[in-house]
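Undergrad: Chain by chain, the residues:
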Amino acid sequence: MLSDVLFRIRALFRRKTVEHELDQELRFHLEHQHRRYVSRGLSGEEAQREARLAFGGLEQVKEECRQMRGVSFIETSVQDIRHAVRSWRQRPLFASVAVLTLALGIGANTAIFSLMNAVLLRTLPVEKPQELERIEGHFSYPMFRDLRQRNQVFSGLLARRTTPVTLISTSRTERGVAELVSGNYFSILGVQPVLGRAFTDADDIVPMGHPVAVVSFHYWRQRLSADPAILGKTIRIDNYPFQVIGVAPPAFFGVEVGSAPDVWVPLMMQPQIFGRGRTFFNDSGRGWLDLLGRRAPGLSEAQAQVGLSVTFRQIAQEGNHKLFRKSPAEAAIYLMPGGKGFSRLREQFENPLYLLMAVVALVLLIACANIANLLLARSSARGKEIALRLALGAGRIRLIRQLLTESTLLGLLGGSLGFLFSIWSVRLLLGFLPGDRLPLVLDAGADLRLLGFALLISIATGILFGLAPAIQATRPDVSESLKDTGAAAGAALGRFGLRQALVISQVALSLLLLVGAGLFLRSLRNAVAIDVGLNTESVLLASMNPDLNGYTPASVASFYRQLAARLRELPGVRAVALSEVAMLSGDYFSVGLIVPGRPPLPPGPDRGVMLNQIEGDFFQAAGGTILRGRDFGPQDTAASPKAAVINETAARHFFANEDPLARKVRLAGVDGVEIVGIVRDSKYGSVREETPRIAYTSFTQDERPSGERTIYIRTAGDPLPLVAALRREVQALDRDLPLYNVKTFAEQKSESLVRERLIATLSGFFGVLALLLASIGLYGVMAYSVQRRTREIGIRMSLGAMRGRVVWMVLRGSLLMVWLGIAVGIPVSLWLTRLVTSQLYGVAPGDPMTIAVAALSLTAVGALAGYLPAYRASRIDPMLALRCE
Amino acid sequence: MAHDRIDLPQGTLDILILKAVALGPQHGWAISLRIQQISGDALQIQQGSLYPALHRLERRGWIKARWGPSENNRHAKFYELTRSGRKQLDVESAAWRKLAAAVALVLDTVTEPRQ
Numbered sequence: 001m002l003s004d005v006l007f008r009i010r011a012l013f014r015r016k017t018v019e020h021e022l023d024q025e026l027r028f029h030l031e032h033q034h035r036r037y038v039s040r041g042l043s044g045e046e047a048q049r050e051a052r053l054a055f056g057g058l059e060q061v062k063e064e065c066r067q068m069r070g071v072s073f074i075e076t077s078v079q080d081i082r083h084a085v086r087s088w089r090q091r092p093l094f095a096s097v098a099v100l101t102l103a104l105g106i107g108a109n110t111a112i113f114s115l116m117n118a119v120l121l122r123t124l125p126v127e128k129p130q131e132l133e134r135i136e137g138h139f140s141y142p143m144f145r146d147l148r149q150r151n152q153v154f155s156g157l158l159a160r161r162t163t164p165v166t167l168i169s170t171s172r173t174e175r176g177v178a179e180l181v182s183g184n185y186f187s188i189l190g191v192q193p194v195l196g197r198a199f200t201d202a203d204d205i206v207p208m209g210h211p212v213a214v215v216s217f218h219y220w221r222q223r224l225s226a227d228p229a230i231l232g233k234t235i236r237i238d239n240y241p242f243q244v245i246g247v248a249p250p251a252f253f254g255v256e257v258g259s260a261p262d263v264w265v266p267l268m269m270q271p272q273i274f275g276r277g278r279t280f281f282n283d284s285g286r287g288w289l290d291l292l293g294r295r296a297p298g299l300s301e302a303q304a305q306v307g308l309s310v311t312f313r314q315i316a317q318e319g320n321h322k323l324f325r326k327s328p329a330e331a332a333i334y335l336m337p338g339g340k341g342f343s344r345l346r347e348q349f350e351n352p353l354y355l356l357m358a359v360v361a362l363v364l365l366i367a368c369a370n371i372a373n374l375l376l377a378r379s380s381a382r383g384k385e386i387a388l389r390l391a392l393g394a395g396r397i398r399l400i401r402q403l404l405t406e407s408t409l410l411g412l413l414g415g416s417l418g419f420l421f422s423i424w425s426v427r428l429l430l431g432f433l434p435g436d437r438l439p440l441v442l443d444a445g446a447d448l449r450l451l452g453f454a455l456l457i458s459i460a461t462g463i464l465f466g467l468a469p470a471i472q473a474t475r476p477d478v479s480e481s482l483k484d485t486g487a488a489a490g491a492a493l494g495r496f497g498l499r500q501a502l503v504i505s506q507v508a509l510s511l512l513l514l515v516g517a518g519l520f521l522r523s524l525r526n527a528v529a530i531d532v533g534l535n536t537e538s539v540l541l542a543s544m545n546p547d548l549n550g551y552t553p554a555s556v557a558s559f560y561r562q563l564a565a566r567l568r569e570l571p572g573v574r575a576v577a578l579s580e581v582a583m584l585s586g587d588y589f590s591v592g593l594i595v596p597g598r599p600p601l602p603p604g605p606d607r608g609v610m611l612n613q614i615e616g617d618f619f620q621a622a623g624g625t626i627l628r629g630r631d632f633g634p635q636d637t638a639a640s641p642k643a644a645v646i647n648e649t650a651a652r653h654f655f656a657n658e659d660p661l662a663r664k665v666r667l668a669g670v671d672g673v674e675i676v677g678i679v680r681d682s683k684y685g686s687v688r689e690e691t692p693r694i695a696y697t698s699f700t701q702d703e704r705p706s707g708e709r710t711i712y713i714r715t716a717g718d719p720l721p722l723v724a725a726l727r728r729e730v731q732a733l734d735r736d737l738p739l740y741n742v743k744t745f746a747e748q749k750s751e752s753l754v755r756e757r758l759i760a761t762l763s764g765f766f767g768v769l770a771l772l773l774a775s776i777g778l779y780g781v782m783a784y785s786v787q788r789r790t791r792e793i794g795i796r797m798s799l800g801a802m803r804g805r806v807v808w809m810v811l812r813g814s815l816l817m818v819w820l821g822i823a824v825g826i827p828v829s830l831w832l833t834r835l836v837t838s839q840l841y842g843v844a845p846g847d848p849m850t851i852a853v854a855a856l857s858l859t860a861v862g863a864l865a866g867y868l869p870a871y872r873a874s875r876i877d878p879m880l881a882l883r884c885e
Numbered sequence: 001m002a003h004d005r006i007d008l009p010q011g012t013l014d015i016l017i018l019k020a021v022a023l024g025p026q027h028g029w030a031i032s033l034r035i036q037q038i039s040g041d042a043l044q045i046q047q048g049s050l051y052p053a054l055h056r057l058e059r060r061g062w063i064k065a066r067w068g069p070s071e072n073n074r075h076a077k078f079y080e081l082t083r084s085g086r087k088q089l090d091v092e093s094a095a096w097r098k099l100a101a102a103v104a105l106v107l108d109t110v111t112e113p114r115q
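These protein sequence lines are chains D and V, in that order.
No gaps in the numbering here: position 481 of the first sequence is 481 in my numbering, and each next residue is one more.
No gaps in the numbering here: position 106 of the second sequence is 106 in my numbering, and each next residue is one more.
Hints may be right or wrong, so weigh each one.
Some chain V residues near chain D, calculated using beta-carbon distances under 7 Å [claimed, not checked]: (1) Gly28; (2) Gln46; (3) Gln47.
Simulated DEER-style distance windows between Cβ atoms [claimed, not checked]: (4) D/Gly56 <-> V/Trp67: 18 to 26 Å; (5) V/Ala94 <-> D/Gly395: 35 to 43 Å; (6) D/Ile459 <-> V/Asn72: 47 to 55 Å; (7) D/Arg396 <-> V/Pro69: 37 to 45 Å; (8) D/Val78 <-> V/Val103: 45 to 53 Å; (9) D/Arg401 <-> V/Leu105: 42 to 50 Å.
Derived DSBU-like pairs: lysine-lysine, alpha-carbon spacing no greater than 35 Å straight-line [what the hints assert, rightly or not]: (10) D/Lys233 <-> D/Lys128; (11) V/Lys19 <-> D/Lys16; (12) V/Lys19 <-> D/Lys62; (13) D/Lys62 <-> V/Lys64.
Keep in mind that the hints were calculated from the coordinates and are not lab data.
The beta-carbon is built from N, C-alpha and C at its ideal position, and this holds for glycine as well.
Looking at chain V on its own, in the form it has when it is part of the complex (with noise of 0.2 Å):
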């Protein structure tokens, strides 16, 4: 199983935490299992680089934090999605899926058979 997953390409920790908290306010922790239950456990991310990931977006100023009870009534710190935050999910959402097509159809294209 190890060997379906793939190392997470530079700079997408950013964008998957963004999605992650886009739809509402979250811990780290349970960013890191929203992030390996979207994407079916093929990202494979080491659970501590989160953090700084987290650290800088706060610094950047897409997502803030706040402490508040978690489920189980445990003080935890909670980050969520600011307005500039949104407006920089879309903008690298549309960056990356262009990337992605751009990149699918130069595969389709290379792969097809010559004669």
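Okay, chain D solo, but in the shape it has when bound (with noise of 0.2 Å):
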């Protein structure tokens, strides 16, 4: 046992010696034999011939002692790599252009899979995460509180709910965002703060009793200098004092994927920090919370869906719930897996993540078809070298290694270059991701999945491009490539061998990607063409919440009338207004309408309307055109009777052919409001939605409206200036009232299409590195057939070929290849687009438009990649072509 480790080792790190010592044992062996020989009367080359021919291949017998000695993989490995090495060192062009490609595709594949692994493959950073389910929907203090109570299903259940909050700690007065938990939110989740204490049930109990706070490390670092004195100190939180009673440890960003509470609070603290100071703990109409549960020990997720089923609609029975839209026999609940969180962000890119992947994998296929090609191009220059190891009896099978060993070393190369390629980018891609309201955490760094699927898809490219030229390269016929190339040259004319092959598979993919692009593109086009019906050129926005800070009601309104009026001031502003709900920002706020004297609208969604609460110059400011009866005014007050602006699509669908003008209808709840204008149609929330109906009230007319509302200022040219003067203004108002959302109209407006302009950029920057390999890879063919046809053109000139024929016999050839690629190109296209089609907008997945544009480009781009080498062959010198032979 001792001596075979010894053995091995000496082998393996006196790997010169040894390989010296069994060449000198070798050699001994056949002098003997030779002089033997020799001896008895052959001539000395008889005897030499007699003396190899009784020992058999000498090479082979070589191989199998080092085989023997038990090293030979890792040793043949590292002769493989250094002789890789070398050759790359007499041609870095190859290797730089190899390395560099598989840089981009493996780079790209990593970048995308990162985004991937952070928004939809990792669990949360919590005790066995595959142990939390989450209940699908939105749920009802009360209904929380029943469940909890009384499900059989669950070790236990928490509820969440983010919120901004205006966080004041000693200085400083900023935007935050503060997670309300239950009381049993860190036991559940087995969470353990670095310092202080987490939450308990008892931290839990009686509404606005308990002020106190867990903060994130991050905030406790960044904001509270890490004070290690920080248990017991007071932070304001909305302007009400909390004490922090722990810190949360730094790997620990709550439940929701892409989003990071700065503060956690006790659930029963909601009336101070989220919803207007209206309590929610009776309430069991109002569906807020996140609920997440860790199942009893022993519990399928089959066992506990079936369990929570039966609770719910025992619950749903007794009828002291208000079920949203449903009647309790309908009524249904559903649990998820609940080890990733929650998140907003996956269910809006998941489709897209998981396309871009496709589309990153298929340019890392057409990378690999042109290293491929550049991989037999070069084979077959080496073709000697090839077939003269192979005829000293090296065996096809080592020589295959060698080869693979090279080119996954080369999928190494390119791989670590990649990653670095793709930690850069994955900055650059995290920009596209909406986060603004609540700002955007998302850990998309490098873990062991990572850096797992980073070596992974680096060996496997290296096999996958190494693999079919290195079997061709080894082929044994080994007579033919011993003879003189030249002659062999004529024959790769017309045939369609493996290169060519490659080659229109790779125009073939690139087609895909092209049309692709093309059709995301115009998608994108089409939707920003949308007409919202609201004028978003030269607005400035921006969104404050003076609730956060303690003002009343009073005090808010009187607040915002002083702002506006300072606005209108400023020069350059035509007009100002404010909104509860920022339009096309993505947030919705839907209530019901009734209108007495019609017809009843089955209760649910069909009697919902989109809400918004205005003040000012709303319509000229946002853009709207009042088309009957009157905008608000200075008569609309508390104490006038309340009315309301809809939309067209609003006074169509609950007025039919009626007149709605001066109608009362029951809106949000309350009864008498009339009717007293009607608006052009406009978009709400977001611009690909379908045309919503859409009621307005008036801020002058509530008596509680809400503190938080975004601000919308017209401006005579680029409204971006007025951005300090805006923020002067409001300091001068207020200095602890922080702005966010500050931007224009036209770029909320283009937020609110992420997706798509996501989608559209990457695949139009996919399709075209596709292209471009495709051409490198054309190119690459098209020159070495030239290369390697001289003689043949040579002959054909000096028989009188014109030089145009020349040119036009190369680039046929080239064209020929784009064309058959095409061909192969458009039925796929068609098949696999038709599954993207719900991404697509205004286009159909096989439109006859992009798929001829995507053929002339890669005509074209076939047609310059085929040029270069055709000009080079006329002017190709037929005597110098007949000579060099």
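Dock chain one against chain two, each of which comes alone in its own frame, and use the hints as you go.
TA: Written out as structure tokens, the structure is:
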């Protein structure tokens, strides 16, 4: 045993000595055998031949001896790697092109995968995340209480809700994110604070009775100067004092991917920091909580689902809860795996990410085909060397292994570089994701899974592009290659070999990517061209929430009145308005509308209307035309009859052919609201939505209006220079009021298309990359074929072929491959693009225009890639060409 | 004459090598000569195949190698039997004899003529 180990170690580290000894030993044998034959009377040469014959293949014996010595795998790999590096040094251009191509391909894959990893795959940094189940939908507090008390399936059920807050530490006032959590939150998740203690159920009993907070590690470090004596000190959340009782561990970001709370607060503090002072603890009609449970030990997901459904139905049948839109019999509750937590980001970007992953995988395939082609060209150049080694008895498997080692090494080099690329480009990609209402905090950093992915893909890539050339190169028609290669060149003329097949598939894949990119770009263009019914040019938006700083409804109203007056005085300002919900921001506020005297609509979504409360010259500032009736005015006060303006779609939906004007309706639970105006249709939350029904009411008539408002400032020119003035005016009124979402209305609109823009930009980028790679591949094959056909072309020209004919001959070869690729690519594109129909807007998956444009660009690029070698071919001097052999 | 030679059964090369070096340290060429001589040229061994076998046996610790001067004062690699190699030779020879005897017995029985 020990001898074995020592033997191997000696063989490994004293490779040169061992190799030398082996050589000497075998030479000794051959010499003796030689001498023996000579002594029998053979001539020197004959004796040498006989001795060789009696011995067998020398290289083979050496190789077998190395294998017997047991370290051959590592040893030969080291040898192969040295060999590879040596050959790259001789041809640095080949090596750098290959590594760079791979780095692009693998980098793109790693980058998209790291997003996928962060958004879709990573589990929460909590204890046993696989036991967690999230309940689909939002729940009221009474429902949470009942489910928590009566369910038999969870060892614990927690509720949470994030909300933006104003955080005031020693000197600084800023917007942050708070997560309201039930008292069992930290214990169910199994998260231990690094300092102090976490909440317990005792911290969550009395409404407004537990002003305590756990702060995030990040907040503690950044804003509380990592104060070790922070426990017991006070921070102000929405201008209300909370005592810090703990600091969460650094890796813990809560239970929502893409968002990271700065502070955790007991659910019982809800009236203070969420919902404008109203208390939701007894309101069974308001769903505002996310529920997450830990399955009881030994219970399967299916059992938990069944058990919870039974409990839920019992609760529903007792009739103490308002169930939204459903009768008790229809009431259903669904469990989803909760180990990855909640994420709006995930719902929004799951499909785009899969799509992009497929796109980059195709790009990598094209890159692989390119390098396979380069290797093929190189191995034909190295054909003689390989044939010689085969003839000398080197095993084919051994040679294939050597070539594969080389390609895997290329893969790993490209992969490492690509990994660096990806780290850099992920930052760029993250810039695409929206995150301004609640700041986006996404950990897309490297972890073991990402490293594993990069490693795996690098090795797989190396084998993928290396295998075919290696097999081809070591094909055992030794004698053919040993002859001078010139004669064989003619064969490459019309025949479609592996290289041609590779280029054709590259073209086909590029067509697919280009068609995809074209479709997404057109979708984006169509979406951008959608008439949102609002005038988004030259408008500055900003949001603020004085509620959070302890304003009363009266002081909120006066604050905004003063602010609007000051802003109207600024030069270049045309109109100033306020709204409760920022238009096109993705936020919605839906309420019910009932028209007395009309046949009642069924309860549920049919009664819904999007509500927005406004003030000032909203329709001038945001854009919109009152078609009939009037806008709100000074006559609409808290004391006057309640008024509402609705859009055309709402008018048609609720009133059919009747005239809505002057009709009184029940809106958001308030009776006797008079319809005073009808405004032209517009979008509400996003650009791509169906035109919604909208009702507007006025802040001036609301006794308890929301403090959180978005201000619209319409300007004569570019609105951005106004930002500084806006900040100044706000600070003049309240130094501690943070502004957020400061941007132009046009930016807001374009952010509403973030998904479309992300897909279109990236698929466009990768489409161009694919086109580039394919044209390099095409160029490589054509240049190589021209080089090998130098003699043939020379003969043709000496026989009188015109230059133009030679150009066309080469160009035709190139175009033929492109067209074959397109012919293959079109049906594939027709078939595959159907899968992305849901991501398209205003364009059909098989759109002939898009396919035609893609095919034309490929043809153009193909012609260009073919023209350079063709031109070179036409410049061949017949005499030189004939003499050079 | 070539027709009279038999190919070496699997695994027998090892035992022949062990036997060949049992009499004293030998270099590879001498071992190949000796096996040929002892077997009376009846066994067909490609000379080259000897060396992988030698290296394998060395790795198993049944023989050990040492460099020294050859008969005509050349630097040569000599192999000699180790203690565990001797044990292995005994075990294998015994097994081989047993097998040979058994095979012979079977063959003799079957070739007896029948009525």
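Undergrad: Does each hint fit the structure? Answer for all of them.
TA: Right, here's what the structure says about each hint:
1. Gly28: 5 Å, holds
2. Gln46: 5 Å, holds
3. Gln47: 5 Å, holds
4. D/Gly56 <-> V/Trp67: 18 to 26 Å: Taking Cβ atoms as reference, D/Gly56 and V/Trp67 lie about 24 Å apart, which means the hint holds.
5. V/Ala94 <-> D/Gly395: 35 to 43 Å: 37 Å, holds
6. D/Ile459 <-> V/Asn72: 47 to 55 Å: 52 Å, holds
7. D/Arg396 <-> V/Pro69: 37 to 45 Å: 41 Å, holds
8. D/Val78 <-> V/Val103: 45 to 53 Å: With Cβ atoms ~47 Å apart, the hint holds.
9. D/Arg401 <-> V/Leu105: 42 to 50 Å: Roughly 48 Å apart at Cβ, these two residues keep to the hinted range, so it holds.
10. D/Lys233 <-> D/Lys128: 33 Å, holds
11. V/Lys19 <-> D/Lys16: Holds. V/Lys19 to D/Lys16 sits at ~31 Å (cutoff 35 Å).
12. V/Lys19 <-> D/Lys62: 24 Å, holds
13. D/Lys62 <-> V/Lys64: Given that 35 Å is the threshold and the Cα spacing comes to 19 Å, the pair holds.
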